[in-house]
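J.: Please dock the two separately framed chains into a single complex, following the hints provided.
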Amino acid sequence: MSEVVVAHHDDHHDHGPDKGLARWLFTTNHKDIGTLYLWFSFTMFLIGGVMALIIRTELFQPGLQFIDPAFFNQMTTNHGLIMVFGAIMPAFVGLANWLVPMMVGAPDMALPRMNNLSFWILPFAFAMLISTLFMEGGGPNFGWTFYAPLSTTYAPDTVTYFIFGVHLMGASSIMGSINIIATILNMRAPGMTLMKMPLFVWTWLITAYLLLAVMPVLAGAVTMMLFDIHFGTSFFNAAGGGDPVMFQHIFWFFGHPEVYIMILPAFGIVSQIIPTFARKPLFGYDSMVYATASIAFLSFIVWAHHMFTVGMPLAGQLFFMYSTMLIAVPTGVKVFNWTATMWRGSMTFETPMLFAIAFVILFTIGGFSGLMLAITPVDYQYHDTYFVVAHFHYVLVPGALFSIIAAVYYWLPKWCGRMYDESLGKLHFWLSFIGVNVTFFPQHFSGLAGMPRRIPDYALQFADFNMVSSIGAFIFGFSQVFFLYVLIKTIRSGEPATDRVWEGAHGLEWTLPSPAPYHSFTTPPNVTDAEAHS
Amino acid sequence: MANSTDQSAYYIPHNSWYPFLIAAGALCMLAGLGNWLNDLKAGDEPSHLLFYIGSATLAVVLFFWFAKVIEENHAGLTNAQLKRSYVWGMGWFIFSEVMFFAAFFGALFYARALVLPWLGGEGAKGLTGEYLWPEFKPEWPVMTNPNPDVFQGPGESMAAPGLGSWGGYLPFWNTVVLLSSSVTVHFAHTAIKNQHRGKLLGWLGLTVLLGVAFLILQAEEYIHAYNELGLTLSSGIYGSTFFLLTGFHGFHVTLGTFILLIQLLRAFKGDFRPDDCFGFESASWYWHFVDVVWVCLFIFVYVM
Chain A
1 MSEVVVAHHD DHHDHGPDKG LARWLFTTNH KDIGTLYLWF SFTMFLIGGV MALIIRTELF
61 QPGLQFIDPA FFNQMTTNHG LIMVFGAIMP AFVGLANWLV PMMVGAPDMA LPRMNNLSFW
121 ILPFAFAMLI STLFMEGGGP NFGWTFYAPL STTYAPDTVT YFIFGVHLMG ASSIMGSINI
181 IATILNMRAP GMTLMKMPLF VWTWLITAYL LLAVMPVLAG AVTMMLFDIH FGTSFFNAAG
241 GGDPVMFQHI FWFFGHPEVY IMILPAFGIV SQIIPTFARK PLFGYDSMVY ATASIAFLSF
301 IVWAHHMFTV GMPLAGQLFF MYSTMLIAVP TGVKVFNWTA TMWRGSMTFE TPMLFAIAFV
361 ILFTIGGFSG LMLAITPVDY QYHDTYFVVA HFHYVLVPGA LFSIIAAVYY WLPKWCGRMY
421 DESLGKLHFW LSFIGVNVTF FPQHFSGLAG MPRRIPDYAL QFADFNMVSS IGAFIFGFSQ
481 VFFLYVLIKT IRSGEPATDR VWEGAHGLEW TLPSPAPYHS FTTPPNVTDA EAHS
Chain B
535 MANSTDQSAY YIPHNSWYPF LIAAGALCML AGLGNWLNDL KAGDEPSHLL FYIGSATLAV
595 VLFFWFAKVI EENHAGLTNA QLKRSYVWGM GWFIFSEVMF FAAFFGALFY ARALVLPWLG
655 GEGAKGLTGE YLWPEFKPEW PVMTNPNPDV FQGPGESMAA PGLGSWGGYL PFWNTVVLLS
715 SSVTVHFAHT AIKNQHRGKL LGWLGLTVLL GVAFLILQAE EYIHAYNELG LTLSSGIYGS
775 TFFLLTGFHG FHVTLGTFIL LIQLLRAFKG DFRPDDCFGF ESASWYWHFV DVVWVCLFIF
835 VYVM
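Residue numbers (my numbering), protein chains in the order written: chain A, 1 to 534; chain B, 535 to 838.
The shape of chain B in the complex, shown without the other chains (with noise of 0.2 Å):
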């Protein structure tokens, strides 16, 4: 027989308000953000209160959401059924990821290979090119826009310089500082199977710091574009694709560095155990998958 206790059960929640009120909340967050961009667009003063009471109910709402599945766990109710679907789950997220990366890696790939040289008169429809612009010489980074009167072309671009001269290109130590935090989170999760508490606490601590590192240097190089480069969101399609991949990624990075930290404070708390750690282990494999896109964009985006 099923009872509370038995791990033989599969789990099911009797019933609960967090669902309903993430929804009503992502719906104010988004209808509030809405309403900011259209009145920043109309020229008018910007209205921010529903988008402000939308992200603090998700924020709220989830926070004691992932709670209660903790305290769920702490209770004996969560049997290794539940377990995998929680594999599950979160594995085809991260799919479902991979997949809205796919997109922006798609128009880079489209722009660059098909667009640019179209534009530049070349190939099938290269007639667009030769009526409407024919001064448009196509490059890669795209310095001069096929009509620089609505989009004024980048001052410099971020492409990587020669080999030689990487020790001062921030993304090139940027990738370091990734690649060497997934390295650090996969040695906490071998201090979480060898239960070695002071080496856990210690390497998870380092990968938070890492990913705020990284974010600091992505800000630094973000204000560099702006401010030196003339690199900006309307400087064109070169312009376009390396805010938007970058910053999806940085987006991505911020999540998951804030996903660590919590994961770094309940294992101050003590709550993983070897068997029992799937916290720990989602919000790793997340941040291998953030790690893997920025080694896809550091080829694709700054090096290619």
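Here chain A stands alone, though its shape is the one from the complex (with noise of 0.2 Å):
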């Protein structure tokens, strides 16, 4: 749009980024930092992912192949862990970095040191918690929910570096998502109001409140671990008048908004890339915006639908039923929205809108699929079997993963002034597609029929659709790899990029040049109408 200025001034303000590895480590630059973020995502994802390979490969077959079950136990909890923790939280941060301040009109991110500080406290935190599994007594081993006694009682002498390790963490989260809130609600440019912010950065400032709300009670549950384990308290311990029960109660008033945390930003992506794609507004901005906030409300009054099956009082169960529901009615209008905004849209599907197309119906699936878990005679039936994990993977890895990568297909032009290959990304988008598909939807068969999660070995009845299931996890972990393949080959050799690089893409992101100049608005631009709302 001819009518947004951009600013660029040759004061010392605009200095470029520093030589060689002091860049990186010392960097206060958003762009910089989001880069990290994103990498280190990436590392962790692929990590995760070999874990998550490991554990497909013993499943493949019935019987004790491959591993021992001591180690299986410390796969499947390190998966978890990592790919929460370390893969989709940080790259929601990285693209939050990278975008926030290019949609609001910022020049940076508002604590700029903090914000380097948040980073690189992360790859310290892995390090640590990824080195347990080469010591003594081996890794944690009690499951990414580290239900106690499993992890105090039972756990390995490791357990104390996990708990300093999730500390760390959560001191990241909480300083990044004050970061963001201080930038979006401090950094707008004049005229960006609150219902003109595009939605990545509505969902992102929804999810930095979830966030400031839930890690700090996860910090207070480990420290409770901490203190069960080496200095004879009785949190979790029925002899001395405390309860294991009340582990799962505390974890979980922190693992509800956990997951949302992991999906807001993802609906904030999805909205922008329909539009983008379907050359239409979004259909119900505003609705969208109250959509969001009645999701994070839910989420905290939600969490012992995780637990219907450890006992508790009925009301409880009803209730927690009920207001479990009751998120069909925020999610169904998000789904309803981004359908009707492609309605009758002059559609193309490049590869983000396939990911985000695909995104909304498997996310559906996995919606659909957590209705059913929240029904508690139900959920008696499905707690802890493969159905629940194919619940929870379709919304992480077709639902958050998918929206990553959707994100990353469409705004890396910008980032790095280059094209990828088209037809390279439709590809990685199949491979993704078939391979997720094919790896989780049979586990909603073998759950439904019975088979337990985490696991070593099963029944023989569950032999074919593990299979199947190993297969897909094989296929879509190698399209991953072929993912970084198309990135390097973007960063390196890609066709240059146009300044606005999607026809129907609006925003103020795209009125800068691609890539994106180091500093972003030294002045704040105008913002017209025609660059709000997408």
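Be aware that one or more of the hints could be misleading.
Claimed, not checked - Result set (DSBU-like, lysine-lysine): computed pairs, CA atoms no more than 35 Å apart in a straight line:
#1 B:602 / B:617
#2 B:803 / B:733
#3 A:426 / A:280
#4 A:19 / B:602
#5 B:671 / B:803
#6 B:803 / B:659
#7 B:659 / B:575
#8 B:617 / A:196
#9 B:733 / A:19
What the hints assert, rightly or not - Computed, partial: chain B to chain A, Cβ under 8 Å:
#10 552
#11 553
#12 619
#13 626
#14 628
#15 629
#16 631
#17 653
#18 733
#19 767
Worth flagging that the hints you see were computed from the coordinates, not collected in a lab.
Even for Gly, the Cβ is constructed at its ideal location relative to N, Cα and C.
T.: As structure tokens, this is what we get:
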């Protein structure tokens, strides 16, 4: 848009990056830090992916072939922890770093040095966590939910490092959220009112509040574990008047908002991409904002639906069942709005759009299986089976992860100034789409038939579904290595991208040159209606 | 055009080695603490070195980092918008602290309202108590734990006596000390606003003294609990919730007192102006927060 003035000054604020390693260690630049987050997250994704493939290799056939059960437990635990805290969450923070300042017309994040600190805590924390796998007694083996007393009385000694690792990750998330909140509330360009903000910014604002509210509770939970293990307290020990179930309540008070922390930014990404390729404004912008806020609010009053089978008063079961089902309403609003945005749009199907459409369909499948799990008496049957595994992988892999991949394809030309190869991108999409469904769809069936999760061996009746699932997992895993190849090829030798990149793209980030300059908006841009509301 | 003295430009520090060193220091500190605790648990001679290196790194780098921010402010780099970012930052940091305490208060309420009656054989999950420890009688404070062989109950609790005997009740005096300190820190703030240096130093100094007095009384209370009451961390759920709630509060008071002490030193240097005293203001917000937590503690841990 010609009326958008993008000012560049040659004053001393406009220096470029440092040279060499110092640039990455000491940077305060939101784009550098965003890049660090994204590459860190991709590294963790591959490490967690290798663990997933070790699990699927063992489960390829019934019987114990490759690894012993103790190591299998460490793999399921660390796969979950690494994917949740190391891959998905940092990827979204990386995207927020790259995009939020550009989208709201800010020069950088509000607190740039703290931004660097939020990132650099993570590699250290994960180095500590992963190193426990090589220590005497092995790494964490109690599941990513680390229920007491598995994680206290019966835990390996390395649980101490796991606890401190969680403290570090929590500190990182809290500082990251504070930064995002301050940036969004304080750094918007004049004219960028709250209800003109791109939905990615809105969803991240709400996510940041969720993080601020629940990461300290997680810190409290692991602190109680630490004291139970080392200082003789009895929070989670009934012999001293505590209760292991109390751990589950505290954990899921964190854990349920946590799963929305991993999906709300995904909603934001999809709400940016679908209007671009449908060439229509987002249908129901206001209702999208309110739906996001409603989901966030509801996330605080549904936690015990993870615990229907541990025993809880009937009133509690009913309350948590109904409140959980209520979430389907705002989520339904969202799915409706995405579909209505595409309705009669001039649609094209570039790679980001393919991933976004797959997100809408497959996330909805995950949402429906969630609705099934919300029904208390039904959950008695499904609890801790592969049905649950299928459910949350449907919302996390073709949900959260697909949205991240879509975002990378969508904004990569803006980040590096080069266009990815469309046919390679589409190949990556179809491999991923097929791989993810072949992996996780059969798990619905084995789960409904009663196959328990987190067990290295299974009854013969589950053999076929597990073999199919393992084949799908390898297709999916190797197609992400292919993604790495597509990324490197784009960054090194992609065709130069235009500033607007996509014909139908709106938003302040597209008014900047491609690649985006080291400092985005040294002076605030004018926000026109054409660039708002996408 | 933006330049270094132009107040309209948002100051973006070019680069900084502080955050990376803080992250590395935090890792050393916590990994060192992990080694220490695991050595203790295994009965080995504990190794403290890594912990001390990490803690020292944190302390030194934080000192330089804060000094740098103050220096930037004096150089006129901190415009009004950046100051608002600091305000948002501190405000939401305090909110996250509230949620940290909420986890421990939640544990206290859950244990008292649900766990203990169940362990006593009542309600939806009463069977646990009936089968395992049928002789357990739920009461608060818990003086005899469900399994006294594993967790020996406290000899006496810290629960408040009748109103008439509050004169000899240490936590009551702690409440008085801490509530007064919230008032004195407010007077110190007013003194900055009125540019009354003498009053600022007096009230702020008094606040720091009250903080120290609180900590001394709290230490006295702990010594009393351990030596005379037989109330320890391992006295069951009462001791667990009591010491973690009051302990983390005490830790926050220690931090808050230290932060206020730094503000006192800055006040001696004449760092604060009526329109430019964010360091002091954020310290005082933190102090009020610590105070509110104590009031909740006093009500729910000691009195009720």
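J.: Evaluate each hint against the coordinates.
T.: Hints, verified against the model:
1. B:602 / B:617: holds (15 Å)
2. B:803 / B:733: Holds: residue 803 (chain B) and residue 733 (chain B) sit about 15 Å apart, inside 35 Å.
3. A:426 / A:280: holds (23 Å)
4. A:19 / B:602: Holds, at roughly 23 Å.
5. B:671 / B:803: At roughly 60 Å apart (the allowed maximum being 35 Å), residue 803 (chain B) and residue 671 (chain B) break the hint.
6. B:803 / B:659: Between residue 803 (chain B) and residue 659 (chain B) the Cα gap is close to 62 Å, so the pair fails against 35 Å, i.e. violated.
7. B:659 / B:575: holds (34 Å)
8. B:617 / A:196: Holds, because 25 Å separates the two Cα atoms, which is no more than 35 Å.
9. B:733 / A:19: Violated, because 51 Å separates the two Cα atoms, which is more than 35 Å.
10. 552: holds (6 Å)
11. 553: Check passed: Cβ of residue 553 (chain B) comes within 4 Å of chain A, closer than 8 Å.
12. 619: Where the cut-off is 8 Å and the nearest Cβ of chain A is about 4 Å from residue 619 (chain B), the hint holds.
13. 626: This hint holds: residue 626 (chain B) lies near chain A, its Cβ roughly 5 Å from the closest one there, short of 8 Å.
14. 628: violated (10 Å)
15. 629: holds (6 Å)
16. 631: holds (7 Å)
17. 653: Nearest chain A Cβ about 6 Å off; hint holds.
18. 733: Not OK, violated: residue 733 (chain B) not within 8 Å of chain A, min 33 Å.
19. 767: holds (5 Å)
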